[in-house]
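As a plain string of letters, each chain reads:
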Amino acid sequence: EAGVAQSPRYKIIEKRQSVAFWCNPISGHATLYWYQQILGQGPKLLIQFQNNGVVDDSQLPKDRFSAERLKGVDSTLKIQPAKLEDSAVYLCASSSSSGRANEQFFGPGTRLTVL
Amino acid sequence: QKEVEQNSGPLSVPEGAIASLNCTYSDRGSQSFFWYRQYSGKSPELIMFIYSNGDKEDGRFTAQLNKASQYVSLLIRDSQPSDSATYLCAVTPSGGSYIPTFGRGTSLIVHP
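One line per chain: the protein sequences are P and Y, in this order. Counted the way the working numbering counts, the first sequence spans residues 1 to 115. Counted the way the working numbering counts, the second sequence spans residues 1 to 112.
Hints should not be assumed to be uniformly reliable.
With a cut-off of at most 25 Å between alpha-carbon atoms, the simulated DMTMM-like pairs for lysine to aspartate or glutamate come out as follows [unchecked claim]:
no. : chain 1 : residue 1 : chain 2 : residue 2
1   : P       : Lys-62    : P       : Asp-86
2   : Y       : Lys-2     : P       : Asp-63
3   : P       : Lys-44    : P       : Asp-74
4   : Y       : Lys-67    : P       : Glu-103
5   : P       : Lys-44    : Y       : Asp-83
6   : Y       : Lys-42    : P       : Asp-74
7   : P       : Lys-44    : Y       : Glu-5
8   : P       : Lys-44    : Y       : Glu-3
9   : P       : Lys-15    : P       : Asp-63
A partial selection of chain Y residues facing chain P, derived with a Cβ cut-off under 7 Å [stated by the list, open to error]:
no. : residue
10  : Ser-43
11  : Leu-46
12  : Met-48
13  : Ile-50
14  : Tyr-98
The following residues of chain Y were derived to be distant from chain P, with all beta-carbon distances above 12 Å [as the list claims (entries may be wrong)]:
no. : residue
15  : Val-13
16  : Ser-20
17  : Asn-22
18  : Ser-26
19  : Asp-27
20  : Arg-28
21  : Gln-38
22  : Gly-54
23  : Glu-57
24  : Leu-75
25  : Arg-77
26  : Asp-78
27  : Ile-109
28  : Pro-112
Note that these hints are calculated values from the structure, not bench results. We put the beta carbon where it would ideally sit given N, CA and C, even for glycine.
One chain only, chain P, in its complex shape (with noise of 0.2 Å):
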């Protein structure tokens, strides 16, 4: 069974840029999660999907991000524009269900950096 996909693995942009990321969950997982990790701290959620539904986006900054899941299949999350502090590794993670045995399945991650 193919894992939870994410691109780039890797993106360096300049303050005031835009970046996107694409997500491609575990086939089948109606759950899809967006994370913000910053070095040294655990994984901060940012927007929780189901199917193509948000279920929770309170910590997204949506002044800046965005995020959709056309679909109820892939996800993109977009900034725009970047800040210096949105440097992290973004974490996609799915999962088969949203209740109480909530084992979510995480991707590689995209590392970000903005200079």
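Given the coordinates of chain P, work out where chain Y should sit on it, guided by the hints.
Structure of chain Y alone, referenced to chain P:
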């Protein structure tokens, strides 16, 4: 704000010893508790989850949950150098949402 606290470490133990990793949480009604392992430069992978008070064992790993004291721990028996990683505690809150809050992780170093 739901808090999940972990000592960042590093925790250094000799090969073959028991490593004990601890996590405390602020939401008394928290429902589910997860331990993830994250190797440097890699993504987190689930080791264990626990819902009920007491111990849960899986191979060399034991998760211990004490809801009254609001802590969850992970014991690793017969620690190996390959266990050297950061261990993340994740807790899902009360109130029907199963979205976990992660701690910052504890770095474990197992030296030969």
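Here's how the hints hold up against the structure:
1. A hinted pair counts as satisfied when its Cα atoms are at most 25 Å apart, and Lys-62(P) with Asp-86(P) qualifies at roughly 13 Å.
2. With a C-alpha separation of about 24 Å, the suggested pairing of Lys-2(Y) with Asp-63(P) holds against the 25 Å cut-off.
3. For the given pair, Lys-44(P) sits about 20 Å from Asp-74(P) by alpha-carbon distance, which is consistent with the 25 Å threshold.
4. For the proposed pair Lys-67(Y) and Glu-103(P), the alpha carbon gap of about 21 Å is at most 25 Å, so the pair holds.
5. A C-alpha spacing of about 24 Å is found between Lys-44(P) and Asp-83(Y), which places the hinted pair at or below 25 Å, so the restraint holds.
6. At roughly 21 Å between alpha-carbon atoms, Lys-42(Y) and Asp-74(P) fall within 25 Å of each other, so this suggested pair holds.
7. A hinted pair counts as satisfied when its Cα atoms are at most 25 Å apart, and Lys-44(P) with Glu-5(Y) qualifies at roughly 14 Å.
8. For the given pair, Lys-44(P) sits about 12 Å from Glu-3(Y) by alpha-carbon distance, which is consistent with the 25 Å threshold.
9. Our distance criterion of 25 Å between C-alpha atoms is met by Lys-15(P) and Asp-63(P), whose separation comes to about 15 Å.
10. Taking 7 Å as the C-beta cut-off, the interface hint given for Ser-43(Y) holds, the closest approach to chain P being about 4 Å.
11. Among the interface hints, the one on Leu-46(Y) holds; its C-beta lies about 5 Å from the nearest C-beta in chain P, closer than the 7 Å criterion.
12. Below 7 Å, beta-carbon pairs count as interface contacts, and Met-48(Y) has none with chain P, the closest being about 10 Å; its hint is therefore violated.
13. Evaluation of the Ile-50(Y) hint against chain P yields a violated restraint, the C-beta minimum of about 11 Å exceeding 7 Å.
14. Restraint check, Tyr-98(Y) versus chain P: the minimum CB separation of about 5 Å is within 7 Å; hint holds.
15. Chain P leaves Val-13(Y) outside its interface by the beta-carbon criterion, the shortest separation being 21 Å against a cut-off of 12 Å.
16. In this structure Ser-20(Y) is separated from chain P by more than 12 Å, as the shortest Cβ-Cβ distance comes to about 19 Å.
17. Consistency note on Asn-22(Y): stated as away from chain P, and its beta-carbon is indeed over 12 Å from all of that chain's, at 15 Å minimum.
18. Against chain P, the non-interface label of Ser-26(Y) holds: every CB pair exceeds 12 Å, the least being about 15 Å.
19. Interface exclusion of Asp-27(Y) from chain P stands, the closest Cβ pair being 15 Å apart, more than 12 Å.
20. Consistency note on Arg-28(Y): stated as away from chain P, and its beta-carbon is indeed over 12 Å from all of that chain's, at 17 Å minimum.
21. The Cβ of Gln-38(Y) sits about 9 Å from the closest Cβ of chain P, inside the 12 Å cut-off, so the non-interface label is violated.
22. Even its closest Cβ contact with chain P, about 17 Å, leaves Gly-54(Y) beyond 12 Å, as expected for a residue assigned away from the interface.
23. The claim that Glu-57(Y) is not at the interface with chain P holds, since no C-beta of that chain comes within 12 Å of its own (minimum 18 Å).
24. With a cut of 12 Å on Cβ distances, Leu-75(Y) stays outside the contact zone with chain P, its closest approach being about 20 Å.
25. No beta-carbon of chain P comes within 12 Å of the beta-carbon of Arg-77(Y); the shortest separation is about 23 Å.
26. Distance check on Asp-78(Y): its Cβ is at least 25 Å (rounded) from any Cβ of chain P, clearing the 12 Å threshold; non-interface status holds.
27. Distance to chain P confirms Ile-109(Y) as a non-interface residue, since its nearest Cβ pair spans about 16 Å, more than 12 Å.
28. With 12 Å as the threshold on Cβ separation, the claim that Pro-112(Y) sits away from chain P holds: the shortest Cβ distance comes to roughly 26 Å.
Hints 12, 13 and 21 from the list above are not met by this structure, while the remaining hints are.
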